[in-house]
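Which chain is which? The protein sequence lines are P and C, in order. Its first residue numbered 1, the first sequence is counted upward by one per residue in full-length UniProt numbering. Its first residue numbered 1, the second sequence is counted upward by one per residue in full-length UniProt numbering.
Since the hints were made in silico from the structure, they are not lab data. Among these hints, one or two may not hold up.
As the list claims (entries may be wrong) - Derived list of chain P stretches under chain C, where covered just means 3 residues or more per stretch with a C-beta under 8 Å from a C-beta of chain C:
1) 28-39
2) 123-129
3) 133-140
What the hints assert, rightly or not - Simulated crosslink set (EDC-like; lysine to aspartate or glutamate; CA at most 20 Å straight-line):
4) C/Lys27 with P/Glu128
5) C/Lys607 with P/Asp94
6) C/Lys613 with P/Asp135
7) P/Lys134 with P/Asp90
8) C/Lys243 with P/Glu120
9) C/Lys243 with P/Glu128
10) C/Lys243 with P/Asp94
11) C/Lys28 with P/Asp94
12) P/Lys134 with C/Glu594
13) C/Lys24 with P/Asp63
14) P/Lys134 with C/Glu597
15) C/Lys24 with P/Glu59
Computed from a predicted structure; not experimentally measured. Note that beta-carbon positions come from the ideal geometry of N, C-alpha and C, so glycine has one too.
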Amino acid sequence: AYKRFSELLPKQERENACSARVPKSHILTLPELRANPFQHRICHVFSTSEAGDNSMSFEDFLDMLSVFSDSATFDIKSHYAFRIFDFDDDGTLDRKDLEQLVNCLTGQGEESRLSRAEMEQLIQNILEESDIDKDGTINLSEFQHVVSRSPDFASSFKIVL
Amino acid sequence: LRDSQQADIKYLSKWSKWKKANSKSLKKVLSEAKGLSSYLVLWRRDIHSIEGRFGTGIQSYFSFLRFLALLSFIIFILMFSFITLPTIISDYGIFNSTVANISPKNTDYNCSIYEPSGNKGLVYFYTYLQDLLSGTGFLEVTRLFYGYYTVDAVWISVMRYNLPLAYLLATFAYLALSFLWIIKRSVEGFKQNLVHDADPFQSYCNKVFAGWDFCITDPNAAQLKHRSLQYELQMDLEEERLKQKIADRTIKEELRIYSLRIFINIIVIAILSGCFYSIYRVTVFSQEKSNVSIRNDIRTDSANLLVQYLPSIVITLANFIGPQIFSFLIKFEDYLPAFEIILTLMRCVFLRLANIGVLLFSLWSQISNCAADKCEPCGYNYKLYPCWESDVGQEMYKLMIFDFIIILGMTLFVDFPRKLLVTHCSCKPVQWYGLAEFRISDNVLEIIYGQTICWIGTFFSPLLPAIATVKYFIIFYIKKISLIHARKPADRPIRASSSNFFFLAVLLIGLILAFIPVGVSIASIPSSKACGPFRNFNTSWEVVPDTIRGFPKGLQQVLFGMASEAFAVPFFMVICLIMFYFMALAGAHKRVVERLEEQLALESRDKMFLIRKITEAKRH
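Only chain P is shown next, with the shape it has when bound in the complex (with noise of 0.2 Å):
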């Protein structure tokens, strides 16, 4: 993994690649991230810089990969699946969180959306399934219920070097 981080640094800064940081751009070139819907989201997770440009040192990378790996608990993983997609960063999934993240799933383009009325159709089942105190957005523990309910969860929320 210290291989693979250290590739993404210019090379002037390779030999202290434990303290440096990694621009944002430079992090989407990973593969593993490239093709990936929500690749800002989770870099702006796990960024920890103050700056608020979303760069990602070490540390940062390496918890990035430990989330996503096999032997992460369910608990992380919703904690940050939560986290990931909530667009608007407020602490719950409400109904705009849930029309971006259906829009990220279908792909970019005009043609691949949802229509108004098969996505008003969409969240309202959505809605149904996990608000279960009803007040319209989904919480934390909501979200963890629902996602431990789903079986493809465990296998799709990973990424392998």
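Knowing the structure of chain P, use the given hints to seat chain C on it.
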């Protein structure tokens, strides 16, 4: 996370610190060992790259193939070490071993005439090829078939190795091993399916929150995944709308649809019986023709090979045409899309497995063809089938070889030319026809069919699993190459979790189907008196009571007691009680889950109430 862990460490005592450091280093060692051992996993890199390019649905097919290859290999090792190895040891006299052949007693001399014509003298070269493809001639007298193992015991130094008993026990062992291994693998999928079925409305959340496969690295594959997710979501929404429409159907429409469905089911049953009848006739015809020519030693033209392969050809044709007809007919039955897929698959599975059953049934009707007193002294038709187990083994061998040839042929002669045509010829109809889809369900049914043949055939031909293992190896690489170059993934993707469980469930059905012929051969049909290790017994099963009679008296009584009714009925009742207990437990767990869900709702309502109270208090 790490911050919280480090904060914890400051407050722990020295002893817990040491324990924590220990567990950390142990975990590191274990993960290193796991990393090393994952290098030993067969085809790890190939399957990983397939997963990255095509997603987990297609990857599950290749993992399934790898599982079957390993299973066949283990079965082969089992049969080889317990059956073939002692005969090899005794043949070459290693360890001072000899063979004991007890002469057959109480049987008519006519039953034990068996002269397999291994090729002696000068023959045309193509007869070797013919023999290789049909298992007769020089192959019949090798260790490949049951007929070779005509020994009763092998003396290794001073130990007596009871070969008939070993043969029977090895058969039971490989069936039990396959059964347990499949159950173990399917328990995971079953648990998830059970939870999934308990709440049928979870599917939307599953698709949206766990839908994106983070393993995908290839932009093309990502595009594919986007499209398939969009398609799946649209399909689900449409299905919901259809369900609503069905609930609003009038009585007249329902009557019309039900009568149409009954009519189409009758057509399906008619097609199936047509297939079965043709297989029966063709097998009888093929057996008669080949018997006449082999017994009279006439081997002149290759029409002989065609006749021998006729059952396999008919079965393969039926397996190919049947599914096309089924998927055409089901459009008229107006089911929900998901149910359509399941029903078509069930019909195809039934067709494939029942074809093998009909083939075996027709073989047995030939072997026990006791009209005109043909099988008086020996219990079976000894004139035509002096060594009937080898004949059944040969049929299984032919089926397996032909299946392999067809898979190779379809890939080489249909997929690649089609790809060449599509890439070089840009006329409208060709482009519209496009590349073939990699349909997972069809491919999986193919290899399950091959594995069922392997299971049935291993009793009659102990080295068949080795051929199966080699076949799976080659098929893996062929399918991989064909997938990458000549096919496109299907538009209708199957979910990885449910598909794993489905493959294993069908494999289990195949295994249970394989129990039946093997069981009938062992217990009910008299074993050949002219060849094989069971010459001195009426049926193959009799080895076991015979051996038990040689045990001390007390043990005998215990074992015979276990097999009697006085033991079996209470045992059955206890098993039923245990099953009811587990079902009650599952129901109770479900109720607990519901109660906890309600509690969760109440908690958040409490939280909202408290927050409102706080804001009110702040305002004052």
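**Report entry** Hints breached by this structure
**Finding:** 4, 10 and 11
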